[in-house]
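Just so you know, the sequences run in chain order A and B. Going by our numbering, the first sequence opens with residue 1, and the numbers climb by one from there. Going by our numbering, the second sequence opens with residue 1, and the numbers climb by one from there.
Some hints could be false.
What the hints assert, rightly or not - Below, in silico cross-link-like pairs of lysine-lysine (DSS-like), each with a Cα-Cα straight-line distance of 25 Å or less: (1) Lys206/B to Lys313/A; (2) Lys313/A to Lys37/B; (3) Lys83/B to Lys37/B.
In case anyone wonders, no lab produced these hints; they're calculated from the structure.
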Amino acid sequence: MSAASVCLHHLMEERRTLEDYQGGVPRWCKGCGDNAILAAMQRLCRDEGLRPEKTVFVSGIGCSSRLPHYMRTYGFHGIHGRALPIAEGIKLTRPDLHVFVNTGDGDCCSIGAAHWIHAIRYNMNLTVMLHDNHIYGLTKKQASPTSPLGTKSNTTPRGSYLDAMSPLTVTLGVQNASFVAQAVDWIPESLFQIMTAAFRHRGLSFVRILQRCPEFVGNMFEPWVHDPQRMLMLTHEDGIQISPALQKIYRNQVVHDPLDINRAREIASSEDPIPVGILYRNPAVPCYEDLRRAGMLRTADSIQGSLEAEFDKFTVWP
Amino acid sequence: MSAAVEMTGSRTSAKRVVTLDQAVVEIMSDSGEGAQKCGQSFGSIAARMGNGVWTVEIIPAEIQPPARSIAGASGNRIRIGSKRVTNGGDEADLVIAFNEQVLLGRVNAGELKPGCIILLESMWAESSDGKIASQYRETLGRLLAEGYRVHEVPMESECRKLVSDPRKGKNMFVLGMLCNLYSLDMDLAREQIAFIFGKKADKIIKSNVALLEAGCAWAEQNLEFGYRLPAVRATEPQLVINGNTAIGLGVLASGMDICAMYPITPATSASHYLSDVFERAGGIVHQAEDEIAACAFAIGSSYAGKVAVTITSGPGYSLKQEGIGLAVMAEIPLVVVNVQRGGPSTGQPTKAEQSDLLTAMFGSHGDAPKVVMATSTIEDCFYSMITARRIAEAFNMVVVVLSDASLATAQQPFPRPQFSADWVAPPIDQNPVPEGAKPYDWDPVTGLSRRFVPGQPNGMHTLTGLAHDRSSRVAYDGETNEQGMHARSLKLAALQKMLAPPKVFGAEEGDLLVVGWGSTRGAIEESVEKMCAEGYKVSSLHLTFLQPMPGGIKEILQRFKQVITIEGNWSDRPEDPLIDDSNRRYSALAMLLRARYLVDVDCWSEIRGRPIKPSSICAVLRKRLVPEGTRS
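Isolated chain A, as found in the complex (with noise of 0.2 Å):
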């Protein structure tokens, strides 16, 4: 975009209130985490001025995707484990529009595993978030695969058999991974900081959030929550920088450069302390929507000009 057609975009802006993008009464249950997230969202929206109009949340199924339906946006709740695909195919087609996709440990990390695992490689320009509670909530407590070893749940009422499975690893693991954050809901400055870092990176940023989920793993976090030591704050020049109020909190911290992707991996390993922050970011890693779309105009004269082009190559001429 030009200066002089950045300063006309300035002009027309208006000025949004929190207000203007809070849709239903959220019917999440007490303190749960998914509410900071949503909080966190609709700041986001009015500091960086997003049009309601042209912002979209799209969502699987679960907890987590009821988020959209508490947002004044467009929405689309969609069905279980396919939020990234639909995100995909409307951001393919109107790359004009701000795509947000909520998604839980279920929705992404089991039943939309594989749709997880291409959307890294698409690399479009999305941002994801992960709510990741390590446990299925809307269907009343099942273990899901973030859940840690002996998670006692519905399911597996003696404990779970199975290592949780580190989605932050497992991304980082992809090729064409090119933003990747934690997050944790109990630090509501640091979600929003890390989200707005996440919604400017051009290309899909996956954030995963860890998430309380009181009515039914009460204890899973807190430990963290009450212990700031065993929370490790990442900064740097080009991440993350944190507040001097925050900094008294948090002591634990770490410069890392989120293009150090070895060392981002070394960290994404860490169970505990809990890393916070970007632990990779890569801007030169193309976007899906870039090299597909050729930002040619279709009209009904181009498309009569290379269909009768091609009627020209089939045609038995009398």
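Starting from the known structure of chain A, fit chain B onto it as the hints suggest.
Then chain B, alone, in the frame of chain A:
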């Protein structure tokens, strides 16, 4: 079939030239020897002469099958006629085979007429490999004993006189023989060669023309028979393409922007073709990671823009079902093409079947009304895509287009379409939605509502696969759930009121009505003509819209003493000891007609993986029309 013998004075040899009104020819080779190109060229030349043509590819299931094997047979069946040809016809009248093994597959499958003429490459008789030579002699003996009229042709050695590698080019020698045998215009044949090798060097064209002329001369001197299929030169340009290419061209013509797909036989060639041409016209073919993703991608694309299409075949169609239900529930327009193949499960991937009708209509859980259409000709494959896009858009519905493996690779000339701007999807609406308008403001009579597209100010709402009210808010109460269900169902009725009643082929009333859908049209209508010529009172009805079915069908059914469907799917055989009225499973369309119109509709079906032959249909109809015991 009428046949007249003539002696032509213009020829150098005393060739007996018989006039025919139709003929079925097959060319069989190992894959890679060019039988396909030969057959298609033969069809194109005949089409330019004004003959009716229908060509069918005979494709081995394996990519690199062993040479000289029954399973590796690759070839082409060409039916040519004096008039328009609408199907692949009955058993072959003449077969040209590059070796005796590829021929055997066709013999064993019963695809040759008794006494069929066989032109067989004779080089194998002198093979240094004793096993090959003895296989050849053995097969030759069998063919002669079974009454086939075999002519051994030294194709390889004749070609070697002109080129060093006869394997590349033998097909043009064969084309020359065929031009001679069927009295095709050699100038047109030379032009055809120039056309197919157009991008290559002049030298290659010349060498192929030389092979063509050699084949023609050899047949003239050595084969004492020939045929002529008089035709009136076409006056308008014709397109010669197969059904899948027609689908691809139809997608392009409809103005759709996005096709999302996952590779599956026999649908993929439509996407291959689109991938080649679509992007030059600003469209995109997205090869998704799986069938489910392809469907979801198309839904996302349709939701945010113009109607999108996903193209698949049976197993892929099954996988898309949940997505299709979402599009129905959320009223997102979508075109789904199912090029049907043999099922269930992996079934017969390269073979034709019509077994997906009920799954197309009733698939996806819950009540999920959608439009189902079937293509019945190659031309129809093209126009169906435009119609499907328009219906999807006008009604915010899923439109399923059923084609099948036999249309996918069959070619038939049809008039070159005249472009109309109406074909093309209008630009997406980005105007502000009036204040207070609701995304599902269902019309009480038609069930229709206006679709809000992202980008439209004031139109913000969250679309959902959950039951929802007019404002797209999640509905937990029965009343609202029923309202939505009501509206989605009404849209089918609204469409049905716009459909013209189907036209009867033949007399409006009579003793027997044959009802069909999809690719069987040509074979059914040819059978009706044949039966009428024999004095039977038979007509047919072919349905394009299966859901909703147009009005007027019941009245048509009632004007006939008997009604039978002919379909390429399973139906229980009444003669089986356990089968009776209380348990017989009818063919799909028969079941639907019986249920809707309370008419005693019988059915006959075949699932042999090949197009149903007119002679099979005639045999069935005769049996129904001639009372037991009175048959001579």
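Okay, the hints, checked on the actual structure:
1. Lys206/B to Lys313/A: Holds - the C-alpha atoms of Lys313/A and Lys206/B are around 22 Å apart, at most 25 Å.
2. Lys313/A to Lys37/B: holds, 16 Å
3. Lys83/B to Lys37/B: With Cα atoms ~23 Å apart, Lys83/B and Lys37/B stay inside 25 Å; holds.
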